[in-house]
Amino acid sequence: MDRPDQVAADLSQAARERIAAIVARYPTRQSALMPSLWVVQDELGWVPPAAVAYLVETLGVTLARVHELLTFYTMFRTEPPARHVLQVCRNISCHIMGARAVIAHLEKRLGIRLGEKTPDGLFALEGVECLGACGQGPVLQLGKHYYENLTPKKADALLEGLRKGAPPRADTDRELEVGS
Amino acid sequence: MSAAACNILSARFGRADGHRLDVYEAEGGYRALRQVLGGMKPAEVVELVKGAGLRGRGGAGFPTGAKWSFVPSAAEDVYFFVNADESEPGTFKDRYLLDYDPHQTIEGAIISAYAVRAKLAFIYIRGEFGWLVDRVERAVTEAYSAGYLGRDILGSGYSLEMIVHKGAGAYICGEETGLINSVTGLKGQPSIKPPFPAVSGFLGRPTIVNNVETVAAVPWIVMHGAQAYRSYGTEKSPGTKLWSVSGPVRNPGVFEIPLGMPFADFFHGQLGGMQDGEEFKACIVGGSSVPVLTAAEIMACTLDYESLQEAGTMLGSGGMIIVPQRADMVELIKVLMHFYWDESCGQCTPCREGTGWLHRIASRLLKGEAVPADLELLEKVCNGMMGLTICPLADAAVMPMRSFLQRFRDEFAARIHETAAPEPVNRWARGE
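Protein chains in written order, with the working numbering: chain A, 33 to 212; chain B, 815 to 1246.
Check the hints yourself; a few may be wrong.
As the list claims (entries may be wrong) - In silico BS3-like cross-links for lysine-lysine, where the CA-CA straight-line distance does not exceed 25 Å:
1) A:Lys176 - B:Lys1181
2) A:Lys149 - A:Lys176
3) A:Lys140 - B:Lys1181
Note that these hints are calculated values from the structure, not bench results.
Based on the sequences and whatever the hints tell you, model everything.
Structure (structure tokens):
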């Protein structure tokens, strides 16, 4: 059977080794579960059922425990995500600084509402709670980085860059001096 | 920057090289660790931090040295956790500490772990700070390579392992027992206290959880002494504090100032006042969970634990949200109640249901569907939540709700419609 979750569940050898290293490092197998879920999601973009089964077997935890974590923590995904998941903070500071206008603009540009995916699977737009970037709001999270002080114009540049495969540099991806 | 600004914690903020180990070392980094491991007993480090009067910077303001001293002296398998879950709306200071100066927090964590005789330390970073997890992991690896972590650190006989643990999106994991349960591999639901984690925490062993900012101050205190630390701040609130400032002020951002600075000086000095065309209406001074003050009230305060408590609010995490005149207080409280409803872990009924009620009633107000009895109902729901749950998340929702109602009642009353249908009492559906 060519079910997408089976195809996607094919964890690389490197990922399996990372999980083994986590198990060796953490004091209990149960405590290794959350970082192992991150290894899976970092590689596959979500946590498919087959990967859950792999963790149940490898860590010796119950299936219920894994589902508890997958459903309690909002960042774990149990479905394949859109290619670019745009997560806009709508908490108090970002709200004061204009998050609603940015969200409305993104909804219009993408033709979807908050919480939806574009039909081509390219974009998803999500509202999230405080991202800890309140002094730089409105803020948008994309993968491991934040785009800050968002305006409709800056949001347009981001969408255009993502469509062309060359997004503008994220604000948290700042220039660092390399160590000697 | 005014003359009152200081840099015990923020010396490398804003720099492109502050994250480098060689830069940190060249500026005196890891000397405090050498000094501690070279001749101080763990109990002496505890006494030093007690003497400095350092208080927990995560929100509760509990004396750090006293917390450390609760670890039973004969205990083995002690764990030390750095809380970098920073999720309190309005707060973004720990992010600066870890981004610009990860080694300062790592050094502070090693010294703190030594003080409580821990053999394993975790730095718990909220999952949304993806780039920071990478930054801190690299710094921890560097610290291992330099011999500051691992077996027999600097030949002292003391060994410590350190793990960077990435959260996955749950505000409640910032509560220390929720954080411990999360690292255990469970839902981040808080546990009832007592037992306190210092006696029975991670895996049932003594565990100390300290905020990033608390830990980051420790190397400076070791190098300069308790008295030098006390030369900043007030008698009961010694030292410096990082304030995360958001809202339409001229200079939002993170600022380090001595505790006890008059708000008005900070506002006009560091923050540069309001942006053009904006008027100052209200201030949520310590993160979204503390009571809101009017602009006039906060202008009369000094920024320390005691004065803010006297004014009817709390210093909290130092997440200072400046609310402009144009803001609709009903809309803001609806935004906040959505947050607490969304983040309630669900184990205590007053919080799980109460946050839903508060959010629902706030939504009704906003939509013009609220009736006169709804304001009373809001207060009733608050009374049924405050102090009645395992952790303070319910209180954290009630404090803004009550204070918004008290100080901006006109705005709420203006949303009442005499003719709207009252909410059916048996409506348990959650959300909007």
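Verification of the supplied hints:
{"no.": "1", "hint": "A:Lys176 - B:Lys1181", "verdict": "violated, 36 Å"}
{"no.": "2", "hint": "A:Lys149 - A:Lys176", "verdict": "holds, 20 Å"}
{"no.": "3", "hint": "A:Lys140 - B:Lys1181", "verdict": "holds, 23 Å"}
In this structure, the one hint that does not hold is number 1.
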